[in-house]
Amino acid sequence: KAGVTQTPRYLIKTRGQQVTLSCSPISGHRSVSWYQQTPGQGLQFLFEYFSETQRNKGNFPGRFSGRQFSNSRSEMNVSTLELGDSALYLCASSLEGRGSNTEAFFGQGTRLTVV
Amino acid sequence: AQSVSQHNHHVILSEAASLELGCNYSYGGTVNLFWYVQYPGQHLQLLLKYFSGDPLVKGIKGFEAEFIKSKFSFNLRKPSVQWSDTAEYFCAVNVLNYGNNRLAFGKGNQVVVIP
Chain A
1 KAGVTQTPRY LIKTRGQQVT LSCSPISGHR SVSWYQQTPG QGLQFLFEYF
51 SETQRNKGNF PGRFSGRQFS NSRSEMNVST LELGDSALYL CASSLEGRGS
101 NTEAFFGQGT RLTVV
Chain B
1 AQSVSQHNHH VILSEAASLE LGCNYSYGGT VNLFWYVQYP GQHLQLLLKY
51 FSGDPLVKGI KGFEAEFIKS KFSFNLRKPS VQWSDTAEYF CAVNVLNYGN
101 NRLAFGKGNQ VVVIP
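Chains as they are written, first to last, in the numbering used here: chain A, 1 to 115; chain B, 1 to 115.
Simulated from the structure, these hints should not be mistaken for laboratory data.
Since the structure is predicted, the reported quantities are computational estimates derived from the model, not experimental observations.
Each hint can be trusted.
Each pair of labels, with its calculated beta carbon distance range:
hint, chain 1, residue 1, chain 2, residue 2, range
1, B, Q110, A, E82, 20 to 28 Å
2, A, G42, B, K61, 17 to 25 Å
3, B, G28, A, G42, 18 to 26 Å
Which chain A residues stay away from chain B? Per the calculated CB distances, all over 12 Å, these:
hint, residue
4, L11
5, R73
6, E75
7, N77
8, L112
9, V114
10, V115
Positions of the beta carbon are idealized from the N, C-alpha and C atoms, including for glycine.
Just chain B, same shape as in the assembly:
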């Protein structure tokens, strides 16, 4: 079945540690890829996006993600996290073959950064 997979749903780490969140999707064809973040009590906000071109994309707040087409992956990274990065992170895929705006989301990663 077509899906978006995020592993390690709960991640706990200390400030200044590095963070990497995996995202794999099973859709074929052309895709747009996104990482969204949901801080406690706030709405979903876009961290970064990949449409085409350089597979290494940089987003807000020091986050970056790498699109590896052969692995159907779009992993999120941050070299040094801060307490304020505590949030839930969602990977999302927009399958352009479907011809419309329809995001498929992963189940999310709940990240807790300990001061």
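Next up, chain A with everything else stripped away, as it sits in the complex:
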């Protein structure tokens, strides 16, 4: 079974630009979550999607958005990039989540550098 696939692996963007990251979950998994990992803040929850609906959102500004498609693939978008957005963005998939006992499987991440 293929794991969680994130593309691209590396990105370099300029301040003010926007970026879209992609995540393909494990086949059959319907929940996709996104996390930001930085040396200073660690791993922080961005948002979670299930059946094309955002179920929860972390404490990030509105510049961070996402969506999920009918095949469970997900994208996240960051607009008006700032230097502080430089981070490793991780996608995690799980079977489903509401009240059920599931574990999250993580992708390799996308390393975003904003210059």
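Following the hints, position chain B against chain A.
Frame of chain A, contents of chain B only:
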């Protein structure tokens, strides 16, 4: 504030030494608990998980963790470490009261095992 705490961010030890990493959380209610490991250059991998039942759980590579509900703790242990255990270890909590997949992570423990 609700949080997950991991102390002693940097741990250096010799092969065959015992390892114990502490994890405390401040969430009330029912929780699922996880330890993830991130080897250099690799993605987050699940070491072990606790959903319910026996509070002593065994994971991969000889790791085990004990859930002590009264202390809100989920400490990770390995009796004898190997050089290949050099990695960053993250404790994570999924608060089921929130009704969705939303992991709160500790800041991690960077473990270096000296041959």
